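2 protein chains.
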Amino acid sequence: MSETADIPTEDTPQGEVDVSKAVALAILIEEGDGAGIGRLLEGLHPADIADLIEQLNSEQQEKLARIAPDVLTGDVLANLQWDTREVVAAELDPAHLAAAIQELDSDDATLLIEELDDALRQQVLAEVPEENRAALESSLSFDEETAGRLMQREFVAAPDFWTVGHTIDHMRAAGDELPELFFDVYVVNTGFEPVGAVPVSRLMRSRRDVKLADIMEEVRIRIEPDTDQEDVAYYFEKYHLISAPVVDASGRLSGMLTVDDMVEVIQEENKEDLLALAGVNEAGLTDTVFESVKSRAPWLLVNLGTAVLASGVIALFDAAITQLVALAVLMPIVASMGGNAGTQSLAVAVRAISSRDLTSANARRVIIREMLTGTFNGLIFAVVMGVVAGLWFQNWALAAVIAIAMVINLACAGLAGILVPMGLKRFGADPAVSSSVFVTTVTDVVGFFAFLGLAAMVLL
Amino acid sequence: MSETADIPTEDTPQGEVDVSKAVALAILIEEGDGAGIGRLLEGLHPADIADLIEQLNSEQQEKLARIAPDVLTGDVLANLQWDTREVVAAELDPAHLAAAIQELDSDDATLLIEELDDALRQQVLAEVPEENRAALESSLSFDEETAGRLMQREFVAAPDFWTVGHTIDHMRAAGDELPELFFDVYVVNTGFEPVGAVPVSRLMRSRRDVKLADIMEEVRIRIEPDTDQEDVAYYFEKYHLISAPVVDASGRLSGMLTVDDMVEVIQEENKEDLLALAGVNEAGLTDTVFESVKSRAPWLLVNLGTAVLASGVIALFDAAITQLVALAVLMPIVASMGGNAGTQSLAVAVRAISSRDLTSANARRVIIREMLTGTFNGLIFAVVMGVVAGLWFQNWALAAVIAIAMVINLACAGLAGILVPMGLKRFGADPAVSSSVFVTTVTDVVGFFAFLGLAAMVLL
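Going down the list, the protein sequences come from chains A and D. Quick note: the first sequence uses UniProt numbering, first residue 1, plus one each step. Quick note: the second sequence uses UniProt numbering, first residue 1, plus one each step.
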């Protein structure tokens, strides 16, 4: 046994998809060779198998589920992205799904079953033994994207008056009843409320006669099953938690959250922010063209509306443009610079809001900074663009007009970039979603209006 | 002792900045009341103290470091964002910094010392005892953003022939020499190469006579000190790792990485991607106007260049615009829709590249999907915009021109959105940085050229 046993020796960097295996898998699926697929994937980590499956298109994924269902173990299913999981689950036998689910801890089992459509979910649940079914149904009773869905019902708890020795003896006796993996022992009071947590490694280091109460970390955060997963991920990040107890409404310990699930939540939330800022509702790599169109067209429609609005502003000044066509040539520059400066300010603001660094205590300072940053950048590019326009069209009055419009638009861009997301947040909306459209509407309208309006007043 | 002791009872949601405390802190700093500051912050979690300090402006932060250095413990400094840490560290006594550093594990200590300027770092290192100094200097010898900087030199290892009982007895005897917190015991062979890892909780559950080799997880990933932190974070995420061993060039176990550091790396990398896509080089909440201008102006300058290029395309058709001013009114719509569709496609591509889902095995399918998605969206909005333009200007030839230009530009946008980041990646550049500018250059130039060129041919 050597640590290099699983490390690919060829071109594939470790941890990345082995393209030659991906191609081989696709060929074996086309050939319908279920046994060959089993041999190809044997010994691979479930995460690597999941990666290979995600390289297939959805028809191939469906066929794989039909001809080689045995490679789709619980662990592999849990490692798939949700859109792929949905595709293969629809092809699997409910009994196979029920067996896969029972391999998993309750949090992963919930993840797997929550995405099935209602009819299939009922069929699968019917195959799960009574006691596990009740636990699954209770997890499913919490809203999606909450702590209740992510929590594991298995945890280790000990009363605060126990000693280290007592706790260790108890755990060794409990053996198989303990969770597969845990990082903290939760210390509970007589009301079964978690009052502290002792990392397992600290238990190991401490003398047997030490009381748990003397070595525990205080529990600072109260997580209930309906706490939003984004809040939970934030607590984990801020307090460097590895695990955290979940309490029910009466404060009794009822579950455990672990950091590996939070890493996924953090990635998911970051992905949503990035896509939302770009105007994409949802995206998976195996999306079809139809799904992609569906998730992007709505925001393009909104953008069309605001673009027509901006055009309306231009139309107000059509006489000026006819007299001086240089206005038509230069006007997109003012709008484009404003759009860029607004997007910069917006990205900084969305990030500060999602990391909760932007609060009412510093909002005023940040707003002023963004406006001044926009203004200063406006001044810089007013000079640059003024010189360019003056030399290009040999018209220094026109140069002055574009310079002034640039300052106005970039100052407004900075302000809009911070005020729009803060406003959306105040009204309870997600600042990442739809902010972009509002900000570019402001910068287009202000840009065209300032430039063409000034030109109409000064030049004609 | 109750679990609610630290949970704020007023308006502040738990874990978020207590604005009234932030205001009080600012007032105490203005008053120069160091003792009052100590009382205000007493009993708070270091992460909460760090949050409060981050709400101050940099003059206040500097004054805090001068009048109340004792609140800036190692843990508080480690929780600060790097830009704030830089501000306060410059005001602290080297002896104070050296003491703070020695409170911390080697990974956090490295984090703290690596950002000091050279002169201060030498002064601080001189105050650190010989043995710790050597370890710190060795960590600093690795490049920034590598595993070597993040790794902890303290870890727990056991030979593969040991039993569970032997290992536990050894750990309990070692006591204080063990790391403050650890999650796995690394199993090493006779060459001190890590061949497996046993989670501490599994050690607890197993019988004393079981051999470590029989319950260990294989080590699948080889992390060396110069492995990029982004790769390391990806391994942690993919394989759901809680900790991982680091090996030196000869394969010997030399350090340990833990998931809490990886959560920070993941957030940092996501922040960089989001800001880079928006054209911001770097951003901190306490940045001054000057710093903000400096980090945003370069990309605005690049954008100005591409905007002038696009204007050059418009200038080619100035005669057409003078004849039919509706062209000037409508042309920004074509460019804006293309820019939006390109940004959508780009965000999806950047995300897929950073999560390593986009590989040579599926690239062709994804490229085709993006082009078709652009084309179909182009067809949808060609119809919508054709009708709008036809009704607005009562010119159905103009409507046909804008419709055709829309399809061309959105198809190109889809293609550019995926090909630009893939191309940058192939040339070893970061696909998030500078992609936006290239993509919008394509959509502006193609949009103006297609619309005005077709119009000049058909309408005039």
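Possibly wrong hints are sitting among the right ones.
No copy is singled out in the list; a pair is fine if it fits within one copy or between any two copies.
Below, a list of computed lysine to aspartate or glutamate pairs in the DMTMM-like style, where the Cα atoms sit at most 25 Å apart [said to hold, decoys possible]:
no. : residue 1 : residue 2
1   : K425      : E127
2   : K271      : E218
3   : K425      : E131
4   : K271      : D318
5   : K63       : D357
6   : K21       : D176
7   : K294      : E137
8   : K294      : D160
9   : K425      : E86
10  : K21       : E62
11  : K21       : E130
12  : K271      : D260
13  : K63       : D160
14  : K21       : D231
15  : K63       : E193
16  : K294      : D357
17  : K21       : E218
18  : K211      : E114
19  : K425      : E282
20  : K294      : E272
21  : K21       : D357
22  : K425      : D209
The set of hints was computed from the structure by calculation and includes no laboratory data. Computed from a predicted structure; not experimentally measured.
Results for each hint:
{"no.": "1", "hint": "K425 to E127", "in the structure": "neither (44 Å within a copy, 47 Å between copies)"}
{"no.": "2", "hint": "K271 to E218", "in the structure": "neither (33 Å within a copy, 31 Å between copies)"}
{"no.": "3", "hint": "K425 to E131", "in the structure": "neither (42 Å within a copy, 51 Å between copies)"}
{"no.": "4", "hint": "K271 to D318", "in the structure": "neither (42 Å within a copy, 43 Å between copies)"}
{"no.": "5", "hint": "K63 to D357", "in the structure": "between (48 Å within a copy, 21 Å between copies)"}
{"no.": "6", "hint": "K21 to D176", "in the structure": "neither (37 Å within a copy, 47 Å between copies)"}
{"no.": "7", "hint": "K294 to E137", "in the structure": "neither (32 Å within a copy, 55 Å between copies)"}
{"no.": "8", "hint": "K294 to D160", "in the structure": "neither (55 Å within a copy, 55 Å between copies)"}
{"no.": "9", "hint": "K425 to E86", "in the structure": "neither (32 Å within a copy, 30 Å between copies)"}
{"no.": "10", "hint": "K21 to E62", "in the structure": "within (18 Å within a copy, 57 Å between copies)"}
{"no.": "11", "hint": "K21 to E130", "in the structure": "neither (40 Å within a copy, 51 Å between copies)"}
{"no.": "12", "hint": "K271 to D260", "in the structure": "both (17 Å within a copy, 20 Å between copies)"}
{"no.": "13", "hint": "K63 to D160", "in the structure": "neither (54 Å within a copy, 42 Å between copies)"}
{"no.": "14", "hint": "K21 to D231", "in the structure": "between (39 Å within a copy, 21 Å between copies)"}
{"no.": "15", "hint": "K63 to E193", "in the structure": "neither (49 Å within a copy, 42 Å between copies)"}
{"no.": "16", "hint": "K294 to D357", "in the structure": "between (34 Å within a copy, 21 Å between copies)"}
{"no.": "17", "hint": "K21 to E218", "in the structure": "between (49 Å within a copy, 21 Å between copies)"}
{"no.": "18", "hint": "K211 to E114", "in the structure": "neither (41 Å within a copy, 39 Å between copies)"}
{"no.": "19", "hint": "K425 to E282", "in the structure": "both (21 Å within a copy, 23 Å between copies)"}
{"no.": "20", "hint": "K294 to E272", "in the structure": "within (16 Å within a copy, 29 Å between copies)"}
{"no.": "21", "hint": "K21 to D357", "in the structure": "between (45 Å within a copy, 15 Å between copies)"}
{"no.": "22", "hint": "K425 to D209", "in the structure": "neither (51 Å within a copy, 58 Å between copies)"}
In summary, the structure is inconsistent with hints 1, 2, 3, 4, 6, 7, 8, 9, 11, 13, 15, 18, 22 from the numbered list given earlier, while agreeing with the others.
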